[in-house]
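**Q** Knowing the structure of chain H, use the given hints to seat chains Y and R on it.
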Amino acid sequence: MATRHSRSAARLMMAPAVILLLGWMLVPLTMTLYFSFKRYLPMRGDSLERGLDWVGFENYARFIGSSSFWPSVQATLLIVGGVLVITVILGILLAILLDQPFWGQGIVRILVIAPFFVMPTVSALVWKNMMMDPVNGMFAHLWRFFGAEPVSWMSDASVQSIILIVSWQWLPFATLILLTAIQSLDSEQLEAAEMDGAPVLARFFYIILPHLGRAITIVILIQTIFLLSIFAEIFVTTGGSFGTRTLTYLIFQRVVDSQNIGLGSAGGVYAIILANIVALFLMRIVGKNLDR
Amino acid sequence: MAFGTALRAPTALALGVFATAATAQDTTITIATVNNGDMIRMQGYTDLFTEQTGIGVEWVTLEENVLRQRVTTDITTNGGQFDIMTIGMYETPIWGANGWLVPLDDLSDEYEVDDILPAMRGGLSHDGTLYAAPFYGESSMVMYRTDLMEEAGLEMPEAPTWQFIREAAAAMDDPENDINGICLRGKPGWGEGGAFITVTANSFGARWFDEDWNAQFDTPEWNEALTFFVDLMNSYGPPGYATNGFNENLSLFQQGRCGMWIDATVAASFVTNPDDSTVADSVGFALAPNSEGVEKRSNWLWAWALAIPAGTQKEDAAQQFIEWATSKEYIELVAENEGWANVPPGARTSLYETPEYAEVPFAEMTLQSIDAADPTDPTVEPVPYVGIQFVAIPEFAGIATEVSQEFAEVYAGQQSVEQALENAQALTNDAMEAAGYR
Amino acid sequence: MARAVSTRRKIVTTAVAWAIGLLIFFPIYWTILTSFKTEAQAINNPPLFWGFDFTLENYAVVQERSDYMRFLWNSVVIAGGSTLIGILVAVPAAWSMAFVPSRRTKDILLWMLSTKMLPAVGVLYPISLIFVQFNLLDTRIGLTLVLMLINLPIIVWMLYTYFREIPVDILEAARMDGAGLRQEILYVLTPMAIPGIASTVLLNIILAWNEAFWTLTLTAANAAPLTAFIASYSSPEGLFYAKLSAASTMAIAPILILGWFSQKQLVRGLTFGAVK
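Chains as they are written, first to last, in my numbering: chain H, 16 to 307; chain Y, 11 to 448; chain R, 24 to 299.
Bound-form chain H, shown alone:
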């Protein structure tokens, strides 16, 4: 049991991190909240020095009343959900595969985790231009080789393209965590099941999958945190058109393109609320899993 002495020492040790994060959260958050109740159009000469007009909940009503709002929430959930499903499923399969003995394990593992090191801007640029360009992209060459009409990825399969790009970036992360989890699986248990003649699928569903539960939760939690705010991938590829305008991107358009800081700040508050709803779900699951 911890002594009182170590308790207060512990508090002291936690203090820097907590204070820093509290400041990092509270200061911008307070300002965002403040702006969200103000008319703040810098291009029209509004500025902090000159004072901003109070507009009540007008920005909030306008942001949510815009025809782009619900589609943007939908796009956000679709992209986050799509990436999660793909990375988790492929991650499990890849982890199982990489866990098997084969020649060149080390090299293949390096190849598989490489996308994780590529900065989002670069991977979006590379995918958009070198892979998905409808004229000079690798896919277009492939499609033509098989006699098919090249797909205009960024307009005809825009959401899928973004999900593909982002999944490519995050698959290594999921694979790594799941691989570590699989490696910790008691192989004798598996062997025993194999001896007993349990079919592959049964072994997977009754032994491997339950064991991975915790790892999967963690993959989902960490990735969701990062995925909710993906920006570079959309900015570089579609610029938010063709149904890829996520909530984050909508806020960007309000703040940067329209230069309406009040409206954008209200959007920021909505984004925080959405993130917290998602987080609440996650915390429920993770909280349970973390306790074990």
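Rather than coming from a laboratory, the hints here were simulated on the basis of the structure. Here the structure is a predicted model, which is why all the values come from computation and not from measurement. Worth double-checking, as some hints may not be accurate.
Some chain Y residues close to chain H (C-beta under 10 Å, calculated; not the full set) [what the hints assert, rightly or not]:
no.: 1; residue: Gly-47
no.: 2; residue: Trp-105
no.: 3; residue: Asn-108
no.: 4; residue: Glu-258
no.: 5; residue: Gly-266
no.: 6; residue: Arg-267
no.: 7; residue: Thr-288
no.: 8; residue: Ser-292
no.: 9; residue: Ser-426
no.: 10; residue: Val-427
no.: 11; residue: Gly-446
Derived coverage of chain H by chain Y (criterion: at least 3 residues anywhere in the stretch with Cβ under 8 Å from a Cβ of chain Y; other residues may be distant) [as the list claims (entries may be wrong)]:
no.: 12; region: 252-266
no.: 13; region: 272-285
Think of the CB as a built atom: it goes at the ideal place given N, C-alpha and C, for glycine as much as any other residue.
**A** Below, chains Y and R alone, put in the same frame as chain H:
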């Protein structure tokens, strides 16, 4: 401001410790610019400027969208990161009116400010004061393949109509040989497809706003313009044109895949450059089209210009650089080293009076196109705004980006013309209301 | 006990694994390959896998236009610095959470993670205004601080999960032997925590290296890292695939190499407590 000080106290504690005063280097200026060919060429010559003046230059070269975001945030938050910003004809009058730019009203005599093309000077001024000096200027025009036109048995008039363009596109379209009748911008973004559809609409007699700032997308003119564009491109345009912007079309045209391309006049030097273009010696030029019976043509006016943000400590050095970079001497310097076809076009009258430059195949048509563009009278019916392919109000970039996204969904076959116009009408009016116009 | 695996099965596994590995790696391979082509060859139809004239010209052009070393150095300083400060702040916090947990520990941990959910664009103006106020724009220290704060929750959480795996018995034994808090941390905990800290450091360098919103928004010339370097090569006029590829290769090479060399540490450490 009470809030400002309240905010300062805690953050001062958190950040004050680390804050370092920016070190002053009197002799080095920082310039934000776009990664277009002419600017990159200019970077190559900056050493000469430094030699002459002793002023060092730091370049921050960014892709256009990133540049816009970066300089806009900097100017509105008074960040003071740049001594010179590269901005366009859209930003200049708005920023100038807000007092964010240093007026360029005491330029030296040798600079000959009156030599700047009147259209450019007008577009970069607010209330008669020049706020940015044009590095290069452009209008838009038709670029076409003379060989394909001949094959098709047609002759391009100097001032074609949209109806003729359509006929020519039909005649030149040859999907089997990978040749599209026409390539036009469809890519979302106010400066990309947004600009193009706006000038097209102008040439069909449409306008963005009536005199009371009501959006006009519900008018038959807009419907006609958009329907014509979509129909033309669906029939004779390249597949996936909804994501084609300036660059994509440039590359298509250079690879010989377009019969015609209507776009910025600066593209002329790229498509006639044998190093990059496979069709360099068979390109003809004509004025941007209008619809039969409509007096306004679809040519725009744009300039990339250098401006000094107010509040910079290095105003003098910055002005010296601007005078150097946009001078006659700079043009001569480039002409000497890279040939007349590669000098920054569309900024100075004297350039078009230079005999050597008159021999450049696209010089004449570029000047004609620029002269034909009038930002103060862009549409058939009267409008409360200035600007041809844009509306010079701060809200426009945001609105037009969203409108162009709606239109791009039509180009991609994801919604109907009517649906897109209805959405555009609603979102424009909504945004104008938010900004307090209506 | 290792399972006896038939050679045939191993051959099949090897083939499948290699095929998938190469498929995933292909975009990076293709970028690196393209960076050695001329612009015309880069868009050749059919695509050229071999038989092109190997050229270093793109690298020369990129280097001439932008001083790579300066961007690289900024990236190194900012990524390294933010990670270092982050670790210094996070180790004590994670330690106390892991070994002196209270009822609220988990709430604090989850709250920390939730600060990461604030979308960056939503606070673009607040942060920019604060930076202007304190003259932090375009300084390495400002950017280092922001990246440290962004990644701090992840650092704390990763460390926390490691520390929790350290058996408490050892600590108690040390305490019995009369070790103070300082000795406890220095001689008992640190050696055991090194692998965990190492992989935390690695992950955070990667995250900081790749951050592309604040690094672009808050810098101009002095503190601009490689993310800004890339922004000058994306979609210029004319043909650009080869130059973009060269710039991309230059931007990702250092972190790719670091990642590969430290692959074992990263793999070992990247568990986030997933293994129990």
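**Q** Return the numbers of the hints above that this structure violates; sort them in rising order.
**A** Numbers 1, 5, 7, 8, 9, 10 - these are the hints that the structure violates, sorted from lowest upward.
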